[in-house]
Each structure stands twice: as C-alpha cells, then as structure tokens.
Amino acid sequence: MRTGLARFARNRLALAGAAVLLGLVALVALTPLLYPGDPFRLVGPALQPPGGPFLLGTDTLGRDVGAEIAYGARTSLIIGLSATGAAILFGTLIGGLAGYYRGSVEVALMRITEFFQTIPAFVLAILIVAILSPSLFSEVVAIVAVSWPGIARLVRGEFVALGSREFVLACDGLGAGDARIVFRHMLPNCTAAIIAVGTLLIGTAILIEAGLAFLGLGDPNVMSWGLIISSGRAVLRSAWWICTFPGLAILLTVLAINLVGDGLNEVLNPRLRER
Amino acid sequence: MRLARFLGYRLLLAIPVVLGIVVLNFFLIHLAPGDAASVLAGESGAASPEYMEQLRHKFGLDQPLATQFGVYLLNMLHLDLGYSFRNDSPVGSLIVDRLWPTGLLMLTAFAAALLIGTLLGLVAATGRNSWRDAVISLVSLVAYATPGFWLGLMMIVVFAIRLGWLPTSGYDTVGADNEGWDEVWDVGRHLVMPAVALALFYLAVYARVMRASVLEQVGMDYVTTARAKGQTEARVMTGHVLRNALLPVVTIAGVQAGNLIGGSIVVETVFGWPGVGTLAFNALQSRDLNLLLGIFFVSACLVVVINLAVDLVYVCLDPRLEL
Amino acid sequence: MSRTSDVTNLSRRTVLALPLGLAAAASGARAAEPKRGGTMVMIVHPEPSTLAHYAVSAGNIPPIATQVYEGLCTYDWDQNPQPNLAKSWEVEPDGKTITFKLQDGVTFHNGKPFTSADVQYSFMEILKKYNPIAPVMLAELVAVDTPDPMTAILRLANPAPYLMKALSGRDLPILCRSVFEGTDVLQNPSANKPIGTGPFKFTSWERGQFVRLDRNETYWKPGLPYLNRIVARFIPDAATRSAAMEAGEAHFAGYSAVNYADLARMKTNPILDLTTKGYEMTPAQSVLELNGRHPQLQKKEVRQAIAYAIDRKVILKDVMFGYGLPATGPLSRKFKTAGLYTDDVRQYDVPDRLDIANKLLDEAGAPRGADGTRFALHLEVNSFGEQWLRQAEYLKQALAGVGIAVTLRSEDTATWLRRVYTNYDYDLNEPFLSQGVDPVYGLNKQFLTSQIRKGVTFVNDTFYSNPEVDRMLGEGARELDAEKRAALYKKVQQVLAEDSPMIWLIDVQYVSVSNRRLKDHTTGPLGTQQAFERAWMDK
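Residue numbers (my numbering), protein chains in the order written: chain A, 19 to 293; chain B, 1068 to 1390; chain C, 43 to 581.
No lab work stands behind these hints, which were simulated from the structure alone. These figures come from a predicted structure and were not determined experimentally. We put the CB at the ideal spot given by N, CA and C, even for glycine. Don't take every hint at face value.
[Claimed, not checked] What the simulated footprint calls covered on chain C by chain B, stretch by stretch (three residues with Cβ under 8 Å from a Cβ of chain B suffice, anywhere in the stretch; the number is not a length):
1) 276–288
2) 454–466
[Said to hold, decoys possible] Computed cross-link-like contacts, BS3-like style, restricted to lysine-lysine with a CA-CA straight-line distance of at most 27 Å:
3) C:LYS143 / B:LYS1125
4) C:LYS341 / C:LYS533
5) C:LYS319 / C:LYS143
6) C:LYS561 / C:LYS319
7) B:LYS1125 / C:LYS355
8) C:LYS154 / C:LYS138
9) C:LYS143 / C:LYS171
10) C:LYS342 / B:LYS1125
11) C:LYS355 / C:LYS496
12) B:LYS1125 / C:LYS496
13) C:LYS378 / C:LYS143
14) C:LYS496 / C:LYS342
[As the list claims (entries may be wrong)] Facing chain A, from chain C, some residues (calculated, C-beta under 8 Å):
15) TRP119
16) ASP360
17) GLN439
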C-alpha cells in the first residue's frame, strides 16, 4: 500500500487532479458559509458582469453565479458518486452472476445487457427521465441505466478469466462455497479494474447530468451546472459569464477526476505496473 | 463461401435479438405518461373532446395496448415501420430523410476521431514520458472532460460570430441551391463545427486506449523476439505492434456504435443539424411512439451490423482468429 | 338600419372606399419603389409537425400556411375587415345573415377555380368538423348557401359579432373542395403539401431544415407578390437563431423566434430592425392558474394574496426582457382597439401589496408556522420553453416571501398536460394563453362553468364557476350593440379580477426582427400570420 501511495505521489498530474478534487470538496463543505441561503434567491440586479460585488456575476434573474456554481458542485458530486456507486453495484452483480455461473444464466443476462446497449444511451436516459419525471432521483436512475452495462461486461470478462485460474479451481476443488469463492477470491481480484473504470464513470455521470439539465430535463429545484448553462444559453451573447464559468467548472472537475483515475489505474492495475 | 455462411449465420442469430428489442422497446415507451393526441391538442390551444377522440382514433390510441402491439408487430413483419400521425408522414421516410445528414456527421466525426486519435495514441506511446506524451495525454484528457454542447456554444461565438469564418448552423446555405462542388464545399463548411464538437470526445477516448494498448503490446514477448531478430523499429511497429494494438480500439469503437445516434442529440440541437438524434428527442417529447420505435429499431439494426463489422475487422487484424 | 353594428358600418364604408390593396399600401407606405425577385429566409420556431392548418391550430403553422391559404378578408390597422377573397359583404340588421360576394378569376394552385362551393365546404365540412378552434368562431353557423358561384351566404342561428374578426386566412382559411371531397380529411395528402389560392405555392419540405414556398405566377392580385421565394428555416437552438439573424443568413424572425434576451443587442445592430407591430390581433397572456379545489386556494383571500405577492414588473424585466406589459386583468390590452379592455378593476400592483398579502393570508386562516411557512404548493412548469422555467423560479421566490413554499415540477409536454388537464393533479400552473380575436374565445374557455372539461387542454381548469359570469359571457357573445357589449365585458373583467381565479401576469408582446433589406414585411395587424405578398428585398 505504501508503495502504491508513493507511486501515486510520483504522478504529478494525478496529484494535481487530487488537489483540484480536494479543493472542490472543500468548496462544497464551505458553501453554506460562503453563500448562506438558497442559491435560487434573487440577490442583486440581473446580468451583472463578473468582478463587481458578485465575483462571477449574476444571471438573468439576478442570482449570484458564484453561489450557483458552489451549490451546483454539491449536486454534481452527489450525482456523480451515487450514480457511479449504483452502477458499479448493479453492473458487478449482473456481470458477476453471468461470469460465475456461465451457461444459460450468462446468455440471458448478457442479452439483457446488450439490449440496454442497443438503445442510444442518451435517448434511453431521456426516456427514463420522461417516465419518472425530472428529479435528482430520476437523473441518477437514468445515468445508472446507461452506465451499468459497461461494468457488467467488464466484470463478466474478469470473472470468466479468473474462473479458469488455478487458485479458483483449487478452491472449488476444496469444496469452498460459491459465496466464499466470489467474495474472498474473485471480487478482490477485479477491484482494481472496477475502481479504474468507476472513477472515469464519475466524470461521465457529471457530463450526462449536464447534458440532461441542458435539455431541460434536470431537477428544477436543485441547482446544477447543467441548469446554469441552460439558463445562460439564451443570453450567451450578451452575458458570456453565465455559460462560461459552469462549463469550465465541469471541464475542470471531470479532468481532475480522470487524472486521479489514471493515477489510481497505474497504481492498482498490476498489468500496467509490470512495465 | 465461408464468409457468406458466417454472415448468414450471424444475421440469422440477430433476428431474435432485434425482435426482442422491438418488443421490450414497445412496452418501455408505453410507460411514458401522456399521449400524442394531448400534445397535439395542447399545441393547438383548446381542443374539443370530440377533436381529441378523433385524434386518438386516428392514431389508434383508442385500441387496447395488446391490439396496438399486435398491429405494430404485424407491420414490422412486413418491414413497415408504421405511420407518424404527428408528422403526417411514414416513419420510414422520416428516418431515411435524416439518415444521410446523421451518417455524414457521424462518419466524419467518427473517422476523424479514429484516425487522429489512434495516431496521437501511437505518437504518445512511442515517446512515452516525453513532452509529446505529456502534451497529447493532457489534450486528450481535456477533450474528454469538455461537454460537447458547451464547446459547441463557445465555438459558435468565436468562429461564426466574432470571426465570421464558418456558418452558425444548419446543413447547407438555405436558398442558395448550390450544385456540384459548390454544394460539397457549402455542406463541408457547415459540417466543421458540429463534427469537431462531436469528434473531440471520441478522439480523446481512442488516443487513450491506443496509447495504453501500444504500451501493452510493446512489452510482449513477440516484440522482444522480433527486435532480437534484428528487425527495424519501424518494421516492428507496423508489422506487429500496430495490428494487435488496434484490436482494443476497434472493440471500444464497436461498443460506442450504439451511441452513434443518441450521442449527438445535444450537438445536433446546438447546431441545428437535421439528424436522427433531434428527431428521436422530438419524437419522445411529443409521444410520437411509432417514430421513436422506428428510430430504436434502426439503431438496433445498426448496432448488430456494426458488431458484425467489428468481428470482421478482428479477423483481418488478428490472423489467429477464424470465422 | 339604425341598429346595425359598428363593425358592419365600418366594413361597408371601407369596402366602398378602398380599392384593392390600398389599405396595406397606406399603412406601410414607403417612398421606395418595390423591387421584384429575391428569396426571403424567415425563421420559424419551433418547426411545425404538420402543415395541416385546417386541422391543427398550433401557432407555428400560420406563418407558413397563410402564404398558401387565404381567407375571405384581411384586416386594416384598426382591425376592420378588408376585401380579400370576398369582394364585398353585407350583414343583415338582425346579424343572422351575412352575404359575401366573391372575387372572380381566382384559381387554386392546382388550377381549379375558386367558387362559393369552396367556401361552403371549407366552413361546414372541414373547419367546423376538424379544426380545434374554428368551431368556437363558427358556433352559430348553421348553413352556407351558394345561390351562384360568386355568392356565399352565411346563415347563423344567433348573431355572432365576433365572426367578422375571424375571416382571415389564419383563423378561417379557404380550402379547395375538390382536394378534400370524398377523402379522409385527416389523412389527406395535402396536409403537408398545402394547396390554396395564396401568393406563394408550396414547393418542398425538408424535415428538420426548411419549407420552401415559390412565387405563385398566376396569383390573382396583379403584379403580386414581389418575392420569388420564401424559405422558412428551422433552427432549434435559441442562440443559433439569433446568430443566423446577425450574420444576415436569415431575413425575418417573427413571433418572438428570436429570444427576448437577445433583442437589446439586436436593436443596436445596424443591419437589423425590430418591430412590435403586426401582433395587434394576436393577444395573449401569461398567467398563474390556481387549482380551485385545493383547500387553501379555494379561499378568495388566499388567491388575492397570491395576486398581491407577485411583482409583475420583475417578470416583465427579467423574464420577458421588457417586452409586454404587466397584466391588469383577464383581457390583454390588445382589446383596447376593439373597446373591450378596461383597467377599472381591483388593482393588485400597489405599493403596500406585500403587507396586504400577508394580512389576507393571516385572515384566511393560514398563519405562518415556526419556520415562517404557511403552507406548501407545487408549481407545474410550462414545458414550452426555457423562459417559463425562469418565470417559475421567480414565482417560487415571490411566494416564499409571503410564506408559501413552492416546489417546482418540470415535466415534458405530454406529462404536464396530462397532469393538469386530465388528472387535475396540480396546485399552481403557469400556462401561456392565447386570447383569439375576440373575448368570446379567451374568456369563455377559461371561465365558463361549461368549460370545466376533463381531458381538454387550456380550458377551465381552475374550477371557476360563477352564474353571473356565465350569464354575462353568454349575452356578450350575441350582443350586436358595441356599447352594450363593452359594458358587459367591463363588468365581467371587474368580477373576475375580484374573484382572482387565476393571476394575470403579463400581456405578452411578440417581437419581429428583420433584416433592413427586407421591406414592407408587416402590413397589417396579423403581421407574420398573413401573406408576405407585398414584402420585397432591397438589393
């Protein structure tokens, strides 16, 4: 573990990413102090350019763009983490079952997985939000629906590969139960791959949420970066700051997450480490 | 001959898959509340109940779901995608009309992403940990993290409005009625920004995958062997590494095939590109279920075909695999 | 003849006085000589789903359809009917018979001559049966007699003073009988290939891109139209629409196709021109509807308190970017010209409005709780555009100010309409209501008890039911005497403003943006919803 940390620490890009993420977490933690109250409150005149009393300007209704971005960060993190967590849980379950039991179970589960991949992902996400009506919850469900198949395929692949390895065969021969084999031997061996892919998923989830909110499918009661961009899109030409800052926030966050993901990948993925 | 048999076999296998997709989609779509008649009536202001009944009857919405499903399946067996009552037009022709612009945008973006992405990935891998590697890695990371619609908006402001180099939106200059090369040039100019907005993301993916994949291959025994045999570095790369390193890229590209149609919705919206993505979005918003099902069906077929193509490319790249 | 209506008098006079087309020339008069030729690109947003103007009355169809379909009349700036397909007309003193003499030598785009049989068929067989709105205007019409090919006589069961306002190609288009006769009207192939008598012929529709209309070389008005071609272009993104106007790629964007937010910048652009003209006969209001079955909202004091709590000027400034006027009551100020609007009603925009609102809520038995909240409501966000979410966000803040906690719900159009108009599962709703050419359209559908109709969109969903209002609206529809009619509607507005079944927010004002090269595009009160027969492009 220590060598892992050291290895991670040597990766300057990954460190930079981690620093940005830490900053983001700090921002989220300090938001109630920095911007007390509801970010939807109309606190000043509309369309104030950045610089003045409002550091990042105000939007069309006279809300503080800085406050909106700070509260939006919380939403993005919540959505990114919960959607990724759920997708990993569900994808691992399906992929694990398919990869462990093989046979008809595998065929059936993999067909279902493929079905989800034949519907254009973004259309599926929109369809789900339409069925459930826009809310934080439905956005998470939609993101999970489009991202779990990737995890399922990955885990199935890993399980199939591990299933033929000597130590698993040996366990099986020794009469160890299914649960023991899966949780003690197989799952730990693919955590690295799952974590590496999962980190990237957080970034993707944030991007999907922004896209949904941009199309007017976000939760109107919760501030999010996509919502700010979609509200600023109409005045893009007259008030560039409303779209630009949350866009940069998304870019920076997703970039940082991916840098950290890369760093983790290098540390955790044994195949890469050999070189 | 073997190829033909293989293709036939795979296509035969695909039929139940596609059919299953049609069935599942049909019921999934019907979970969405509200119907096409109420949307149409809503857009018309107040409509009498008789008018709404008329619409529902015309759309077949007054039939039980099972009957609607039966009718739909029967139509599908005749390869008839049905009629979009909202658009007063057959679904098939609506989709075909959009398929060309979508195909053009997708293939351009996809081909550019694939070509440039793999090239960048290769350059980065061969100069591992050099400044080239760092720059390419950083650029692809930034490209990967940029929301396409946001990039599109920013590009319109800069290149279409401030600099005036490119048209803001659309497929070609309306009313110009260009012909021949003029039209090609015109469409090309309109294509640049949406293609870039769309391609950057994929480009980043391929560059990253390619880099990792080349690095993995370089460490393999056969490369060491080839080098030991005194083959030049260029020959080792093109003859061995490149072939094998492309496999994961092809796999990823195949997986993304399903997103071809949907992935462009936001970019199409921003640039007013008359593609299938916006068609699907509008169809969903207006509960034009026949149209939406048709798009899902076409998309599913596309995925099947592309998966097949990926398998064929695999065979070409990896002589060890057989049909 | 002493009891004939003003409308009738005016129309007779103008018929005699004005030769063809002079009305338009007089209003949009410009020194420059019109030039022939050229293509006008106009932005229509959103893209219509169909061009079946006779069966669907969505607002984005007429800018295209009225180039092809014409009506019996057009209207001058005072909103008086002017000859078009009808050469002249006469209204009998009892108001129940209207005789139209038709224009000779008019042919449809398919070469068929235009006759009274087409008028009869359009009104009786198509518009009355298949159009969602026309049945209101034609409610009293029982038959159209056709004594000869150039005479059509409308027979009414009761007087219908509003009918003379609704004869434009937008409201009651004239269709070609032989195209429809013996076919299934709702699946007629001319739905998306319209065939009319208008100055432009339909040529093609590239879905997702544009509709192309070409000059009708055999148009019956000699020398018109000036333009060779009109292209209606569809651009889904608001910022991109603005950019297309600024780059000179499009020449006209009516019906607020350009986002209000961009208008201030457009105003300073030397190649562009802005006008609010051409919407005089397109009154509309944005409103906040209150579900009259909600335990709190059924109290008049609570409804009035909400009306006091909202600062319409904020909505006007920050949501509508200054275009429009704060609404005072159930009729838009656009009805001033017809003499039917009054602001002599209960005033909600007063300096101490917040104190009044809080007092009313206290009195209504809705005291503030420990956290300052009195009660909670859901607000359904209008799905027809981004600006309505902005308005909803403001309303939420405004109502929080008087202790009403609002949660927004933004669903897509189908879900929203189903929830509000079929399931009645809503507290607050913020629709945008067109008011038609006469109060008989807008007021009747919103406030008549008989208009509480489950499953029908944009009718009485507040459950407002007042026998006095029912009676007055019934009388108003038939009253031929202009003064008596105005008095009836004044009283209606006063009662409604007092009862406050909904909150009237903004009298909407549409804006047209045009390229300065495009001349004479707005020649009457129907603006973009009538033919661009006199529009021309300066080279």
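Checked hints:
1. Only residues whose beta carbon comes within less than 8 Å of a beta carbon in chain B count, and the segment 276–288 of chain C has 9; three or more means the coverage holds.
2. With a threshold of 8 Å between beta carbons, the proposed coverage of the segment 454–466 of chain C by chain B holds, since 10 of its residues qualify and at least three are required.
3. At roughly 37 Å between alpha-carbon atoms, C:LYS143 and B:LYS1125 are farther apart than 27 Å, so this suggested pair is violated.
4. Between the alpha carbons of C:LYS341 and C:LYS533 the distance comes to roughly 22 Å, so the proposed pair stays at or under 27 Å and holds.
5. Under the criterion of a C-alpha separation no larger than 27 Å, the hint pairing C:LYS319 with C:LYS143 is inconsistent with the structure, at around 30 Å.
6. Note on C:LYS561 and C:LYS319: the hinted pairing holds, with a Cα-Cα distance of about 14 Å set against a maximum of 27 Å.
7. At roughly 45 Å between alpha-carbon atoms, B:LYS1125 and C:LYS355 are farther apart than 27 Å, so this suggested pair is violated.
8. Restraint check for C:LYS154 and C:LYS138: the C-alpha separation of about 31 Å exceeds 27 Å, so the hint is violated.
9. Taking the CA atoms of C:LYS143 and C:LYS171, the gap is about 25 Å. The hint holds against a cut of 27 Å.
10. Of the pairs offered as hints, the one joining C:LYS342 and B:LYS1125 is violated, with about 43 Å between alpha carbons and a cut-off of 27 Å exceeded.
11. For the hint pairing C:LYS355 with C:LYS496, the CA-to-CA distance comes to about 34 Å; that exceeds 27 Å, so the pair is violated.
12. For the hint pairing B:LYS1125 with C:LYS496, the CA-to-CA distance comes to about 21 Å; that is within 27 Å, so the pair holds.
13. For the hint pairing C:LYS378 with C:LYS143, the CA-to-CA distance comes to about 31 Å; that exceeds 27 Å, so the pair is violated.
14. Distance hint between C:LYS496 and C:LYS342 is fulfilled; the C-alpha atoms sit about 23 Å from each other, no more than 27 Å.
15. At a threshold of 8 Å, the smallest CB-CB gap from C:TRP119 to chain A is about 32 Å, leaving the interface hint violated.
16. Look at C:ASP360: its Cβ gets to within about 5 Å of chain A, closer than 8 Å, so that hint holds up.
17. With its C-beta approaching chain A no nearer than about 6 Å, C:GLN439 sits inside the 8 Å limit, and its interface hint holds.
Hint compliance for this structure: hints 3, 5, 7, 8, 10, 11, 13 and 15 are broken, all remaining hints hold.
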